[in-house]
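Each chain, written out:
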Amino acid sequence: MSDLKNENKKSWTSLFFDPKIRYMNSKKNKNGLVNYVLLLTTLISLITTIGIIIILLTDSFHFFEQVPVFDFLTGTNWNPLIEPNKSYGVLPLVAGTMMITLGSALIAIPVGLGSAIYLTEYASTRFSKIIKPIMEILAGVPTVVYGYFALTFITPNILKPIFPNIQTFNALSASIAVGIMILPMVISLSEDALNAVPESIRQGAYAMGSTRFEVASRVMVPSALSGILSSFILAISRAIGETMIVAVAAGMRPQLTSSFLKPIQTMTGFIVQISMGDTPVGSLSYYTIFAVGLLLFLMTLSLNIISHLILKKYREVYQ
Amino acid sequence: MADLKKKRMLTDKIFKVIFLIFISLGLVVLAALIYDIVSKGMVMLDWEFFTRFDSRFPEKAGIKAGLFGTIYVIGLMIPITFFVGTATAIYLEEYAPKNKLTDLIKLNIANLAGIPSIIYGMLGLGVFVRYLNMGRSVLAGALTLSLLVLPVVIVSAQEALKSVPDSLRNASYALGANHWHTVYKVVLPSALPSILTGFILAISRAIGETAPLIMMGALTFVMFTPQGIMDSFTVIPIQIFNWTSLPKVEFELVAASGSLLLLILLFILNGLATFIRYKYSRK
Numbered sequence: 001m002s003d004l005k006n007e008n009k010k011s012w013t014s015l016f017f018d019p020k021i022r023y024m025n026s027k028k029n030k031n032g033l034v035n036y037v038l039l040l041t042t043l044i045s046l047i048t049t050i051g052i053i054i055i056l057l058t059d060s061f062h063f064f065e066q067v068p069v070f071d072f073l074t075g076t077n078w079n080p081l082i083e084p085n086k087s088y089g090v091l092p093l094v095a096g097t098m099m100i101t102l103g104s105a106l107i108a109i110p111v112g113l114g115s116a117i118y119l120t121e122y123a124s125t126r127f128s129k130i131i132k133p134i135m136e137i138l139a140g141v142p143t144v145v146y147g148y149f150a151l152t153f154i155t156p157n158i159l160k161p162i163f164p165n166i167q168t169f170n171a172l173s174a175s176i177a178v179g180i181m182i183l184p185m186v187i188s189l190s191e192d193a194l195n196a197v198p199e200s201i202r203q204g205a206y207a208m209g210s211t212r213f214e215v216a217s218r219v220m221v222p223s224a225l226s227g228i229l230s231s232f233i234l235a236i237s238r239a240i241g242e243t244m245i246v247a248v249a250a251g252m253r254p255q256l257t258s259s260f261l262k263p264i265q266t267m268t269g270f271i272v273q274i275s276m277g278d279t280p281v282g283s284l285s286y287y288t289i290f291a292v293g294l295l296l297f298l299m300t301l302s303l304n305i306i307s308h309l310i311l312k313k314y315r316e317v318y319q
Numbered sequence: 001m002a003d004l005k006k007k008r009m010l011t012d013k014i015f016k017v018i019f020l021i022f023i024s025l026g027l028v029v030l031a032a033l034i035y036d037i038v039s040k041g042m043v044m045l046d047w048e049f050f051t052r053f054d055s056r057f058p059e060k061a062g063i064k065a066g067l068f069g070t071i072y073v074i075g076l077m078i079p080i081t082f083f084v085g086t087a088t089a090i091y092l093e094e095y096a097p098k099n100k101l102t103d104l105i106k107l108n109i110a111n112l113a114g115i116p117s118i119i120y121g122m123l124g125l126g127v128f129v130r131y132l133n134m135g136r137s138v139l140a141g142a143l144t145l146s147l148l149v150l151p152v153v154i155v156s157a158q159e160a161l162k163s164v165p166d167s168l169r170n171a172s173y174a175l176g177a178n179h180w181h182t183v184y185k186v187v188l189p190s191a192l193p194s195i196l197t198g199f200i201l202a203i204s205r206a207i208g209e210t211a212p213l214i215m216m217g218a219l220t221f222v223m224f225t226p227q228g229i230m231d232s233f234t235v236i237p238i239q240i241f242n243w244t245s246l247p248k249v250e251f252e253l254v255a256a257s258g259s260l261l262l263l264i265l266l267f268i269l270n271g272l273a274t275f276i277r278y279k280y281s282r283k
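Protein chains in written order, with our numbering: chain A, 1 to 319; chain B, 1 to 283.
No wet-lab data here; the hints were simulated from the structure.
Predicted model only: the values in this text are computed from it and were never measured.
Any given hint could be a false lead.
DEER-style ranges, computed between Cβ atoms [what the hints assert, rightly or not]:
#	chain 1	residue 1	chain 2	residue 2	range
1	B	Pro-189	A	Leu-46	26 to 36 Å
2	A	Ser-258	B	Pro-189	52 to 62 Å
3	A	Tyr-206	B	Lys-6	12 to 22 Å
4	B	Tyr-173	A	His-62	52 to 62 Å
5	B	Arg-8	A	Asp-192	25 to 35 Å
6	B	Lys-6	A	Thr-76	32 to 42 Å
With a cut-off of at most 25 Å between alpha-carbon atoms, the simulated SDA-like pairs for lysine to any residue come out as follows [claimed, not checked]:
#	chain 1	residue 1	chain 2	residue 2
7	A	Lys-262	A	Ala-95
8	A	Lys-132	A	Ile-107
9	A	Lys-132	B	Ser-281
10	B	Lys-185	A	Val-37
11	A	Lys-313	B	Leu-101
12	B	Lys-100	A	Leu-40
13	A	Lys-132	B	Glu-159
We put the CB at the ideal spot given by N, CA and C, even for glycine.
Using the sequences and the hints, build the whole thing.
See below:
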C-alpha cells in the first residue's frame, strides 16, 4: 500500500521535475520548498496565456451577442461611434493593418536580408562589432518616438517634396517607420539563420571558385531558408501588432483605400482611439475593442505558429 | 571565359554596394532621428521641464508627472520581473524533465513573446484593474508591464544558464553540494552578468512601452505625482503621445523634449548592458 503511494507520488513529481536529479528525497536537501516556488513562477506564463484568452473571449462575447460574427467579418463600413448610422464591419480596419504590414514588409524584408548577407559574407568582424550595438539601439527606440519621427520628419521633410498632395496623416510614413522598427529583428534573426549553416558548406562553395554573392545567393540563403522565412513571418506579425506608430502617424479614418498618401486606421489604432476617449464601460462601443483585439490576437498567433512550424518542419539537419 | 569571370566579379561588386547601402540605411535613419529629436528637443528643454506638471500652454508644460510615474512603475516592476523571470528560467533549465509538458511551457513562452503589447493592456485591464480591483494604479501598471517583458527576460536568462559549462556543476556536486546549492551558489553567480544584460535591455524596452498602459487606463493629463503604489499615474511615453496629438505646433517641440529624455534613458541602459557584456565576456 505504501509502495503504491510512493509510486504515485513519484510519477506526479516526475511530471514536473527531472527524475535524474536526485534532490527530492535526498537527506542533504532541506530546500524542497524551493522546487515548488520555481514551479509556481513558471506556471505564471501558462496562466498569462489562459488569462488573455478568457478576457478576449468573454468580452467579445458581449459584442457578438449584438453584432453577428458574419457582419463583423465581412462588413465594409466601420463606424462604431457616431449615431445614427452605426456600423460594425471590420474590413476597413483589417485593410488598414494590411497596408501598413505590406508597406513595412516591402522595406524591412529586402533591406533586412541584404544587411544580414552583408554581415555574414562581406563585412569584417570589426565592422560587425560596431554595427550590432547600433542595431540594438535602433531596436530599442520607443515606438511612440518612431511615430513622432514619422509624423514630424518623414512626412513633411521626405515625403512631401516627392508627393506634394500627401496628407498630414498617411499610411506611407507609418509604413516606413514600422519597416524601420522591425528591420533590426529581420537582420538579427536572418543573420542567426545564416550563421547556423555549417562553415564546411560555405568553404566548399568558395573552394568551387564562387564569388561572395554566388555563395550567399545560391548556397547560404537556400540552406538557411527556413530560418529566414520564419524571421520574415515573425517580423510581419510584429508589424500587425504595432500600435503607437500608427496611432500617431497614420490617422484615425477607417476607410477602404488603396492610396498610401491618405489617412487610414488600423485595428490597433482603433483600440488606442477608444482607450483614449471616454467610452462608457459596458457599452457596445466599449466591447468593440475586445472583438477587434480577439481578431488581432488570432492573426498574430496563427502567424507565430506558422513561423514555428516552418522552423520545425523544414529545418535542414546538419551534423 | 574571361568575360564571364569579369561579369561575375562585377555582379559581386554591385551587390556588395547594394547590401552596404541597405545596412547603412538603418544607420542613416537612426542618425536622422537622433538629429531631429535633439535639435527640436533642446529648444524647450530646461531644468523647469523636469519640475513642472503638464499644461495647456506649451511653454509651461513639463514632464514631472510622467517622470515620477515611470520611476514608480518601472521601480516596482524590476524586482517582480527579475524574480519571476530568473526563477522560471532556473526551473526550465535546471529542474524540468524533458517531456511534453516542458515543451508546451517553452512553446507557450515563445508565443507570449509574439503577442502584441496592446493585448497585454487588455489583460491588465481585465485582470488587474477590474477583476482584482486594483484600479488604474501604479501596481496594476507594473504587473501589466511585468507580464509583457517576462517572455523576453525568461528566454535570455535561459540562454545565460545554458552557457554555464557542466564542468562547474559537476565540480560542485563532487564537493557534496546538493542540486539547489549548486544552482544558487555556482550556476547562478556565473550566469548573472548575461542574465543582467538581457534584463537591462528588457527594462529599457519597458520604459518606452505606451500602448499597454494607455489600454489599461493610465491617465494622460496628470497634475500630481504618485504617492503610493495604489495611486493613478501617467508615464513619459504617454505624455509624449498626448503632446503629439495636440493641435498647437509648439507642442511638437515639447514632445521632442520628452522623446529626448526617453532616448537618453535608452542610451544609458543600453550602454550599461553593453558594458556588463564587454566586462564579463573576456573571462
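Original post:
Regarding the pair Lys-132 (chain A) and Glu-159 (chain B), is the alpha-carbon distance no greater than 25 Å?
Top reply: 19 Å, holds
**OP:** Indicate whether the distance between the beta carbons of Pro-189 (chain B) and Leu-46 (chain A) respects the range 26 to 36 Å.
**Re:** 29 Å, holds
Subject >> Restraint check for Lys-185 (chain B) with Val-37 (chain A), where alpha carbons must lie at most 25 Å apart >> reply: Roughly 18 Å separates the two Cα atoms, so the pair holds.
**OP:** With a cut-off of 25 Å on the C-alpha distance, tell me whether Lys-132 (chain A) and Ile-107 (chain A) pass.
**Re:** The given pair, whose Cα atoms are some 20 Å apart, holds under the 25 Å limit.
**OP:** Check the following: the C-beta atoms of Lys-6 (chain B) and Thr-76 (chain A) are separated by a distance inside 32 to 42 Å.
**Re:** 56 Å, violated
Original post:
Is it true that the CA of Lys-100 (chain B) sits at most 25 Å from the CA of Leu-40 (chain A)?
Top reply: 18 Å, holds
Original post:
Using the C-beta atoms of Tyr-173 (chain B) and His-62 (chain A), is the stated range 52 to 62 Å upheld?
Top reply: 56 Å, holds
Original post:
Under the criterion that the straight-line Cα-Cα distance not exceed 25 Å, is the pair Lys-313 (chain A), Leu-101 (chain B) satisfied?
Top reply: With a Cα-Cα distance of about 20 Å, the restraint between Lys-313 (chain A) and Leu-101 (chain B) holds, given a limit of 25 Å.
Original post:
Lying within 12 to 22 Å: is that true of the beta-carbon distance Tyr-206 (chain A) to Lys-6 (chain B)?
Top reply: At 19 Å between Cβs, range holds.
Subject >> Assessment of proposed distance window 52 to 62 Å (beta carbons of Ser-258 (chain A), Pro-189 (chain B)) >> reply: 58 Å, holds
Original post:
Between Lys-132 (chain A) and Ser-281 (chain B), does the CA-CA distance stay at or below 25 Å?
Top reply: 16 Å, holds
Original post:
CA of Lys-262 (chain A) to CA of Ala-95 (chain A), is that 25 Å or under?
Top reply: 13 Å, holds
In summary, the one numbered hint that this structure violates is 6.
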